[in-house]
Amino acid sequence: MLSDVDFAAVWLTLKLATTTTVILLIAGTPIAWWLARTRSKWKGVIGAVVALPLVLPPTVLGFYLLIALGPHGLAGQLTQLLGWGVLPFTFAGLVVASVFYSMPFVVQPLQQAFEVIGTRPLEVAATLRASPWDAFFSVVLPLAKPGFITASILGFAHTVGEFGVVLMIGGNIPEKTQVVSVQIYNHVEALEYAEAHVLAGGMLLFSFLVLLALYSRKGTNAWK
Amino acid sequence: MTPDEAIHARFQVIWPGFTLELDLKLPGRGVTALFGHSGSGKTTLLRCLAGLERQSTGLLNFKGDIWQDSARGIYRPTHQRSLGYVFQEASLFPHLSVWKNLNYGRKRVHNKHKVSLDQAVALLGIGHLLDRMPGRLSGGERQRVAIARALATSPELLLMDEPLAALDLKRKNEILPYLERLHDELEIPVFYVSHAPDEIARLADHVVLLSEGRVVAAGGLRETLARLDLPTAFTEDAGVVVEAVVADHDETYHLTRLDFTGGSVVVARRPEALGRRLRFRVHARDVSLTLTRAEGTSIANLLPATVTEVADADTPAHALVQLDAGGTPLIARITRRSLVHLDITPNKPVWAQIKAVALLG
Numbered sequence: 001m002l003s004d005v006d007f008a009a010v011w012l013t014l015k016l017a018t019t020t021t022v023i024l025l026i027a028g029t030p031i032a033w034w035l036a037r038t039r040s041k042w043k044g045v046i047g048a049v050v051a052l053p054l055v056l057p058p059t060v061l062g063f064y065l066l067i068a069l070g071p072h073g074l075a076g077q078l079t080q081l082l083g084w085g086v087l088p089f090t091f092a093g094l095v096v097a098s099v100f101y102s103m104p105f106v107v108q109p110l111q112q113a114f115e116v117i118g119t120r121p122l123e124v125a126a127t128l129r130a131s132p133w134d135a136f137f138s139v140v141l142p143l144a145k146p147g148f149i150t151a152s153i154l155g156f157a158h159t160v161g162e163f164g165v166v167l168m169i170g171g172n173i174p175e176k177t178q179v180v181s182v183q184i185y186n187h188v189e190a191l192e193y194a195e196a197h198v199l200a201g202g203m204l205l206f207s208f209l210v211l212l213a214l215y216s217r218k219g220t221n222a223w224k
Numbered sequence: 225m226t227p228d229e230a231i232h233a234r235f236q237v238i239w240p241g242f243t244l245e246l247d248l249k250l251p252g253r254g255v256t257a258l259f260g261h262s263g264s265g266k267t268t269l270l271r272c273l274a275g276l277e278r279q280s281t282g283l284l285n286f287k288g289d290i291w292q293d294s295a296r297g298i299y300r301p302t303h304q305r306s307l308g309y310v311f312q313e314a315s316l317f318p319h320l321s322v323w324k325n326l327n328y329g330r331k332r333v334h335n336k337h338k339v340s341l342d343q344a345v346a347l348l349g350i351g352h353l354l355d356r357m358p359g360r361l362s363g364g365e366r367q368r369v370a371i372a373r374a375l376a377t378s379p380e381l382l383l384m385d386e387p388l389a390a391l392d393l394k395r396k397n398e399i400l401p402y403l404e405r406l407h408d409e410l411e412i413p414v415f416y417v418s419h420a421p422d423e424i425a426r427l428a429d430h431v432v433l434l435s436e437g438r439v440v441a442a443g444g445l446r447e448t449l450a451r452l453d454l455p456t457a458f459t460e461d462a463g464v465v466v467e468a469v470v471a472d473h474d475e476t477y478h479l480t481r482l483d484f485t486g487g488s489v490v491v492a493r494r495p496e497a498l499g500r501r502l503r504f505r506v507h508a509r510d511v512s513l514t515l516t517r518a519e520g521t522s523i524a525n526l527l528p529a530t531v532t533e534v535a536d537a538d539t540p541a542h543a544l545v546q547l548d549a550g551g552t553p554l555i556a557r558i559t560r561r562s563l564v565h566l567d568i569t570p571n572k573p574v575w576a577q578i579k580a581v582a583l584l585g
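The listed protein sequences derive, respectively, from chains A and B.
Going by the numbering used here, the residue at position 214 of the first sequence is 214; the numbering climbs one at a time, nothing skipped.
Going by the numbering used here, the residue at position 256 of the second sequence is 480; the numbering climbs one at a time, nothing skipped.
Worth flagging that the hints you see were computed from the coordinates, not collected in a lab.
Hints may be right or wrong, so weigh each one.
Said to hold, decoys possible - Taking lysine-lysine and the DSS-like style, the derived pairs with C-alpha atoms no more than 27 Å apart in a straight line are: (1) A:K145 - B:K287; (2) B:K249 - B:K287; (3) B:K249 - B:K324; (4) A:K145 - B:K396; (5) A:K145 - A:K15.
Said to hold, decoys possible - Label pairs and their computed distance ranges (CB to CB): (6) B:S340 - A:T38: 53 to 63 Å; (7) B:I238 - A:A92: 44 to 54 Å; (8) A:D134 - B:H478: 53 to 63 Å; (9) A:W133 - B:G444: 42 to 52 Å; (10) A:T38 - B:D429: 57 to 67 Å; (11) A:S131 - B:I238: 20 to 30 Å; (12) B:S340 - A:L54: 36 to 46 Å; (13) B:N327 - A:W133: 15 to 25 Å; (14) B:H419 - A:L141: 54 to 64 Å; (15) B:D548 - A:T38: 40 to 50 Å; (16) B:K331 - A:I67: 46 to 56 Å.
Backbone N, C-alpha and C fix where the C-beta goes; we use that ideal spot for every residue, glycine too.
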């Protein structure tokens, strides 16, 4: 039923989503923390930039990334300088694009979780001799766990579901940049509806299960 | 009090619409009550002491240790100050059991423990709660755990921000005995924020009265409460606190005599044994004055006293009269008409009739 190319697309999709989610959890946490805590006038600007992919057509984001990461773009020249070559049409390029594209789906749940926690638990921890870093790991992370779970699920699922950005920056190279959503498109173009059905049905089931898991999780205070 | 035993705090905090500006020398032991209306700066002062208000400028010398000196750029962060802080609302970590909450601060303290964990648990009576999660505790139990958690770090300073404010009367009465034990058994200074005069009368040794970010009065509990020159905001509930000893029980009439410097009062039979120390409060509105010893009155408590000062009360119809009853200060709130008719002036001998005393604890 599924060809090797299809399996490669599924594998690549999972690899891309996992890599992207891990990077976003690491990079998104400080951004979300800053957004939740700062009183800087830049908060609005940074918040808006992070949220842009929510409203921007993926092709627009993909277009600018293609130019920036391309041989003449600033980022592209940097990656060449570092000996990484040019990223578009590589897996690394897909990861970079996905990180930008899925950023709000990770940063916003984290920011919200941090805002709900507020400053009081940190103050309490400080009066109990915990340094700020110590307090972050021993109090904030456990309290924000529901936020991290939501962020991981949304970031992963949203990356799995991307299409336009991938097409713009990664093209359609089997086993390198060809993900499931693009492969479905290929099948439909070639009138291979049976194959398209299997992949599309799989995506439908996956998305439903993800959302089911998300919505049927116990309240955020599962420890009570 | 040598400089090494005292606490010197000089703070300035400026926010839109609020300024805290004070310079206080505070005793290095006993319970100091920070008293005032909401918005008077009590909590802000406490937070400055704890190092939780980074915008504050000034100086904090804790028994010879400089915790803050803005002029020299010194600001020791909260987690490096040896203090315990009990917040107004429940502040237990919800993801940790009572036991792990108690241990959170304790395992981060590396110097030798003066207060053992068992001691803190016993003092607050929470031994049966150790395995529970905070979500399964009552409000009173949570505050007791929070106090024990602060104590378990063996702090050199204990700061309490209205620890009873969020509790109903029943829970308050459940915790107050534990706080009294703290007072009796701990040797560290305690700063206790409250706007409840009865709590202060029961627990405090010293009082700092705050109003609009400034210190209105500071000193010993008895002397400060007996002062008349404080703003009327504080005098509508004026009264004094008297420390007394249970001197005699009268089984026929079910009465107890309490002796204090300069006199005694008779109250309804108390359960305490002879010789026990008790504090009671006499509200100014419960004290009336006569020029001669009244005969044929149902009021049992009559004390000879001398007028020391007369001042305005909270209404134009009343005046406050400060009395010296053989070394114990009293305040009477009487009408201005009576003041004139009885010709109450300083140094005049009078009889104080005490209609009611409020026993504390």
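* Asked: Looking at the structure, which of the earlier hints fail to hold?
  -> Checked against the structure, the hints that fail are numbers 1, 3, 4, 6, 10, 12, 14, 15, while the rest are satisfied.
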